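Q: These protein sequence lines map, in sequence, to chains Y and G.
Start counting the first sequence at 1; every next residue gets the next number (my numbering).
Start counting the second sequence at 1; every next residue gets the next number (my numbering).
It should be emphasised that the hints constitute simulated quantities derived from the structure, not laboratory data.
A quick note: this is a predicted structure, and the numbers were derived from the prediction, not measured.
Be careful, since some hints might not be right.
Stated by the list, open to error - Among the chain Y residues that face chain G by a calculated CB cut under 8 Å, a handful are: (1) Phe46; (2) Ala106; (3) Trp207; (4) Val278.
Positions of the beta carbon are idealized from the N, C-alpha and C atoms, including for glycine.
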Amino acid sequence: MAIAGEVNSRPSTAMGAGRRTAEFGGKLRAGTVLTHLGLIIVCFAFFVPFVWMITTSLKENAQIIAWPPTWLPNPFAWSNYTDALDEVPFFRYGWNTVLISVLSIAGSLVSNTIVAYGFSRIEWPGRDVVFVFVLASMMLPFQVTMIPLFIVFSKIGWTNSMLPLTVPFFFGHAFYIFLLRQFFNGIPRDFSDAARLEGANELQILWQIIVPLSKPALITVALFQFLASWKDFLGPLLYLNDEDKWTLSLGLANMQSSMGLSQFGQIMAVSTMIVIPVLIAFLLAQRYFIQGIATSGIKG
Amino acid sequence: MSSTAVTAPTFQSDPTWDTQLQSQRRKSFRKLLTGLAFISPWIIGAAIFQVYPFFASLYYSFRDTTMLNNGSYIGLDNYRDLLHDDLFWRSLKNTFYYTIAYVLIGSVLAVGLALLLNRDVSGQGIYRSVIYLPTIVPLVAASVVWIYILHPAYGPLNYQLSRAGLPTPGWFSDPTWAMPGLVLIGLWGIGNVVIIYLAGLQDIPVELYEAAEMDGASTLRKHRDVTLPLLTPVILFNSIIGLISGFQYFVEPYVITQGGPADSTMTYGLYLYQNAFEYFKMGYASAMAWILFVIIMAVTLLVMRSSSKWVFYQGR
């Protein structure tokens, strides 16, 4: 956890030092215990849905609709997973989702790096005014652009393909531009000035100096885009008609509306399989997530 | 402009001041071109994917456009029809309900959680991860899990409520309780807001707390007089983000309730989607989209203007 290291230890320990130390120590310990207790209760509430999802994915349907509900699967119904894989083309959905994610990540990395460089490391007249427009573009609700874009994409024959879900990311996105610009601004000017004196052009400076120094920020962008593509529902819902082009979210929503509670074990099995990749991505790289989100707020 | 400073000495040998100015100008012009070249992907993308659709949807809002047919100009008819569309008003009301509940309850919950997560106890990394975890779950997956958790007959939550002797709501089968159920799911995903508050808390200088302690302030007073005022800029930021996303609320009602029961969860985003892509009333839906845009702008401006009364900026 990146933030953990910076936590200000709250200075309450300094209070009344020397006086009645024993009683004070007791009070402090009580405070710590209470904090832990509060955190454990809250974390339990936030974590329970995950546990419920996984245990339900291993229950037989008779147990799922039994009253009272029970926690542990009895017997373990691994068949929910195999049945679900027989029932829906899970790997097909998964492959489509991965492909959309990978293309979107590639587009986001290339375009936002270049654009953010233009907004931070090159000084040109009017730059900061234009940047205000970039930020303002985040205010535009998707619903406003959704319909005309759909009409355009149908006219050029892009519907029922992943193009409308990936190509726009090759043109930069305000949030990522903002994130990378913040990071680039923090890199000392001397680095690029020295390279410029040696005759390097801006693209060379970007590629040889800025990019290697910006790995954490680039990883953050890649992760956010992965998550956004993996989670996206409205986009695939609008554009992907054929079942063999569907994404995981689309397939799961369809399972829910066609099977409902009668096959809940299978639905939970598929949910579990959708959540696990993002869970792994998060556990491997949580500090980049946290940093990215924290940055977005601090500037607010 | 340090690069100009470096090359400046060579210009001093120039015969006239005029050429010096000219080359300065040429240099700045070249910088402008380079800058524009670098941001050109964004300019092109914004033009195609934002500016054009922004105005095109205004254009469609004055037409009876369907999916297949551009339609003809009908003036303000779409807007007039919307005023007489009960479901439009219902969806607007529901959306305000969700957004206000989510932002208000969410702010209190998130600040409280951030304060807890900011205490100097061991294991905070794990606690923070657990609170953040729900935000990475795809909304469809979250929705189906919660359908079961809140199921009135088979769900574990109502079972626990009944064991505790509390009333057991019908959640998504009861028009009164369907919206609170959706708010509950929204609050489950409050983790990224919490992280932003946490970052805000860690920006507050320790000296301020030390000074408050010198004056003998209690923990409660410290939070009221130091933490809360200094957190107001973050509260403003999170409220605006919450409002903007709340007004576009779509996925959970689409997957869980399809707007029911009795239209109690018909949100603005859902009704707009249905008009555009289920009834193919693209012109009508475009009018809705523009009204949404105006509402979001108006509410954001209102909140921003009110901020001078309650937001406290350090060092100002």
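Q: Compare the structure with each hint and give your call.
A: Right, here's what the structure says about each hint:
The interface hint given for Phe46 of chain Y is met, as the beta carbon of that residue sits about 6 Å from the closest beta carbon of chain G, less than 8 Å. Checking Ala106 of chain Y against chain G by beta carbon gives a least distance of about 13 Å; that is not within 8 Å, so the hint is violated. Using the Cβ-Cβ criterion of 8 Å, the hint placing Trp207 of chain Y at the interface with chain G is not satisfied: the shortest such distance is roughly 13 Å. Because the beta carbon of Val278 of chain Y sits about 5 Å from the nearest beta carbon in chain G, less than 8 Å, this interface hint is met.
Hint violations for this structure: numbers 2 and 3, all remaining hints satisfied.
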